[in-house]
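Student: No gaps in the numbering here: position 176 of the sequence shown is 1546 in this note's numbering, and each next residue is one more.
Be a bit skeptical, because a hint or two may be false.
Beta-carbon label-pair distances, calculated as ranges [unchecked claim]:
hint, residue 1, residue 2, range
1, F1437, Q2301, 26 to 34 Å
2, A2408, D2105, 50 to 58 Å
3, P1756, G2497, 39 to 47 Å
To be clear, the hints were calculated from the coordinates, so they are not data collected in a lab.
If you're wondering where the values come from, they're calculated on a predicted model, not measured in any experiment.
C-beta atoms are modelled at their ideal positions from N, C-alpha and C, and glycine is treated no differently.
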Amino acid sequence: MGNICKKLFFTNKPGPKVRTVVPNLTQPENLPYRHKNHPNREYPSNRVKTTKYTILTFLPKNLFEQFHRYANIYFMMVVLLNWIPGVSAFGKEISMIPLMFVLSVTAVKDAYEDFRRYQSDKRVNAASCRRYSRSEGRYVRATWCELRVGDFVHLSCNEIIPADILLLRSSDSSNVCHIETSNIDGETNLKQRFTVSDSSNSAENFKPMKFTRSIECELPSTDIYKFHGNIILNENRKIPITQNNLLLRGCVIRNTDFVEGIVIYAGPETKAMLNNRGPRYKRSKLERRMNRDLAWCVVLLLFLCFFCAIGSGIWIGNYADISAVPFIPQQQFDDFSPLYQGFLVFWTYIIIFQAVIPLPLYVSLEVIKLVQVYFIQNDKELYYEPMDKRLECRALNITEDLGQVEYIFSDKTGTLTENQMEFKSCTIGGIDYPHGEMEDSASEMRRSRLSMSNISRCSSEFLDLRLEPSLQRDVSIMSLRTLDNIDIMVPPQTKRVHDFFLLLTICNTVVVSPHSHQDHLDASGLIIQNGDGGNDRHHGDESFPAGRYRGLENVGFSVEDDLSSRARTPSEGSMTDTSTSILSESTLEGRYDAESPDELALVKAASTYGCRLLKRMPHSVMVLLPAEGVVEFDVLHVLPFDSVRKRMSVIVRCPNTKEIILFTKGADSAILSQLSRCYKEKEEDKRVMELTLDHLGSYARKGLRTLCMAKRVLDPQDYEIWRLKHLVAENSMEDQEKKLFDSACNIEMDLELLGATGIEDKLQEGVPETIANLRKAGIRIWVLTGDKQETAIQVAYASKLISSGEELIIINAKNKEETCDLLQHHLEQMEKDAEATSGERTNWVAKRRSPKKKKEPPRSAALIIDGITLSYALQPDVDKAFLHLAMRCSSVVCCRSTPIQKAAVVKLVRDELKQLTLAIGDGANDVSMIQTADVGVGISGQEGMQAVMASDFAMARFKFLERLLLVHGHWCYDRLARFALYMFYKNPLPNFTIFWFQIYSGFSGSITMDQYYLLLLHVLFTAFPPAVNGVFDKDVSAKTLLTRLDLYKVGQEGRSYTTVLFWIYILETWLQSIALHFIPHLAYAGSDVGLWEVGTTMTVSLILTMLLFLGIETWCWTWLHWCTLVGSFLMYWVFAIILGTVCVTCDPPSNPYWVLQNTCHHTYHSGWSSVSPVQSAYCPGLRSDVCRRVCFQTMFSRLDWMRNTG
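Let the sequences and hints guide you as you build the complete structure.
Tutor: Structure, rendered in structure tokens:
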């Protein structure tokens, strides 16, 4: 009620735009947290609650949710109608059984799911952490649910973060903390977080009791990559804080002994909880068609009720004396009229014919899909042993859509390829340096040993790389002196090489993990006495060991010679003095943790040549130069990569010359466009750029991923001006992202080109075969990638997306008009080829006609379009022409496409063609595409788990898509389609049989079958066999489906469930109902058998007919099919015998007492009258089956031929 009042009366009242957090230690100790004077009183505690119900609210809330379904509302109205005396058709309590059964099954399922959530919440809330206690003056053990906003928390290495915490102290001497965010965004790599600058002058001096400053930050939001605020020092001074200072709930502390911080967001306001979502629920294509046919069932119900109501009025109207009508009470004679009787009977027939609308349909579908999901997830053929990952179904109700996919949109890197990068080549200063793998047996053994360790982006420092001799010689003399721009003794090309490798080493976010970590506090907050607790673990006065040069023999110089040469000529700023080295041997024997495989490959390549990254700190980076030793560069700024700029930069200060240098790497289009003017004016620079472009094209044609490297020496005054503007952008509370983007672009200009790299990303195993088979199955595949056009084309050829005989239609335009002209030109060329058959020419761009849903046969051509052209092609007045051209091609490759463009392409095909789309990817840039498609598939690979978390289905390898679609997709679609048709057949059958009896009962609403049988027929006697068919039936084997790929078109064209088939099943129901009613009626004519015996005979015939008809529809018989079919019929007999024995005066006027026993005494009549209707009803089923298999050419004729031919 309070929330409603707020919405009604306070909607126009603006709320606060920021929140202020005050440390709880600054408040009086006896002031309760919820007291009105407490500044943090409005913020929730850290207790989480994901359950929907409590013991008291479960029943009303669950019923309220279930009655949001229209079917349940309808059947509830039918139950209420049955309580009206003049309308009731069944016993009041009996009529509630079907609805109560459905509601109970759903309630039990919901209660079980909520109980599991309750148990999970209980475990999470009871987890322990260490919170600072003012009374004890130290950190003490506390549960997660006891934390409050403003509390100070102490966390150890490998501990899960309990709330969103602002980092104030780290055990690392560089004030850095490493976290693993896989529980939040799925990223398995380590990320750096930094203590707030000047939070307490230094980490060692930080004391919770001394931290009294207020924190001003943004309101809670779902954006896990965005956070900004300030620590208020005084009215004129604020310290900015960003997402790099925030530890998110659910992340894990790694590579750090301990950290301390203050809780900013707790419980339901943490970013993890705000992003917490359950399984994805969608409506499948088959379900939408079922809803349409369900509307026809409503029309059919109304027709039956109106017909019988009119018949009742006419029949009674023929009586001159109303008292002669036996079923009209005497007290109603005076006010009675045929119209009134027809009105009452109409509602009575609504109750009698209620089952025309199949009540158990949707509940049964949910249960069947859950079991289907279970078997899909446990398919051994979809299990990837090296990563110990099986297929995961995150969407529980679109399994049948897997059998109807018509378009697949796939990412390239990490989806079609391994995303395990290998350094293959580089070009520096216009000179190409090709590389190859080592071929010795030891290299092969090492590669096989590390092949699975590379899956997690953690790796040792060296590659199995054949070093290029000339490059090796240049790198071996790399020192601070050679990096000086004023040293004229070093050739220009050698300087470029040194700058290039220095860029590879420091322009990244790679983290070095040197050793294991240990906290100095135990779980209770007590100080561990027997250990140093990890304090100052990175410091010491031990001498710099010669072991640091382990592995440098590969770069072609002697360790002893290098030591002696550097001893003679030390450079200012180097750390070669062995008496003052601050690095231990454990620091040099670290492992690299990278945010992307590209960065890992580049850093490892540089390390193999001897230029090694040793340690990364917030404001500096330590590098081992081959001819210098350990050097520390001051890191002034890191401008991270984003999908718009497509580059990242780092600004460093050289230790000897104090020069400020900007190093940048990124896509060739993002770097080459920012080069200085000299590359257009000076011949030498123009030559270098042309050679670099030639090498880039050569790399791309080999299928290599390319990155360009550049640098810029900054003028100190220009840098200072830019730094002040950048600081304003960092402190901005509004449009911060845009201001930071503009600031980065302002400094990343006038660059000097150093070179480029070529990195190989091999295709995954089985990708070419999978793509070829999917295309043979009638699925069109589009590849949407951010790679260069040449690289994408080569991968398309290698993956068999493009065959050697196909024509390439390459569209690269610079503006909208050129794009429109190119599309028009190629469409006209295709029309000229098709004039012999069509004789039509159409101006596609002018008319902008929407493409027809019917597929056009694709031409043997492949469309290649780049990102710039695609941006124009997706505009409203051009997109139809682009779509028409794409439809006429057998495959499409979109290069240099952004995440937004990927989603736009999927949306265009989905909305315009009205065909079912599937998108598959592995990275965060694929999330929009995956969420836009009808079916989203995530690859759990090297790019983290963002795509998996946004997907409907998750798998480890692309090749599993073939079995998922062609086998499980076909099975699920076929099973559910036939199950739905059977339900539309089964439910109306008893009602149509009762309808014929109304002709002989004066449309009075009398029935022959006992109400117990009618109400339990669909929820008990015939409920289990169709459900078993929906889970276990197989029209063909998996081997056949993977061999006869054209069978997948059955689902694409929706042949197993069509409007024609729906009406055929309804017609079968009518024909069978005639046999089920009239044969017993005529057989018992003239006998003294009562109404209930005839009804019992009809019921037996009805159940046998339903079960035998299901047998006709069954393709693969198992013991479960036999058990449920026979068991269902026996269940009816046992129930009928018990009911006839114990129910003496149950629900008059109907009386089942001893009815079944009396019916069985008339052996000839009961036997002949039961079997004969079944035989008569069987014939229409066989006729319609032949009609469906031959006349309408569904899949069944083809499958029969396959079964007979093996």
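Student: Give a verdict on every hint.
Tutor: So, going through the hints one by one against the coordinates:
Checked against the hint of 26 to 34 Å, the C-beta distance between F1437 and Q2301 comes to roughly 30 Å, which is consistent with it. Evaluation of the 50 to 58 Å hint for A2408 and D2105 yields a pass: the beta carbon distance comes to about 55 Å. For the pair P1756 and G2497, the supplied restraint of 39 to 47 Å holds, since their beta-carbon distance comes to about 44 Å.
Hint compliance for this structure: every hint is met.
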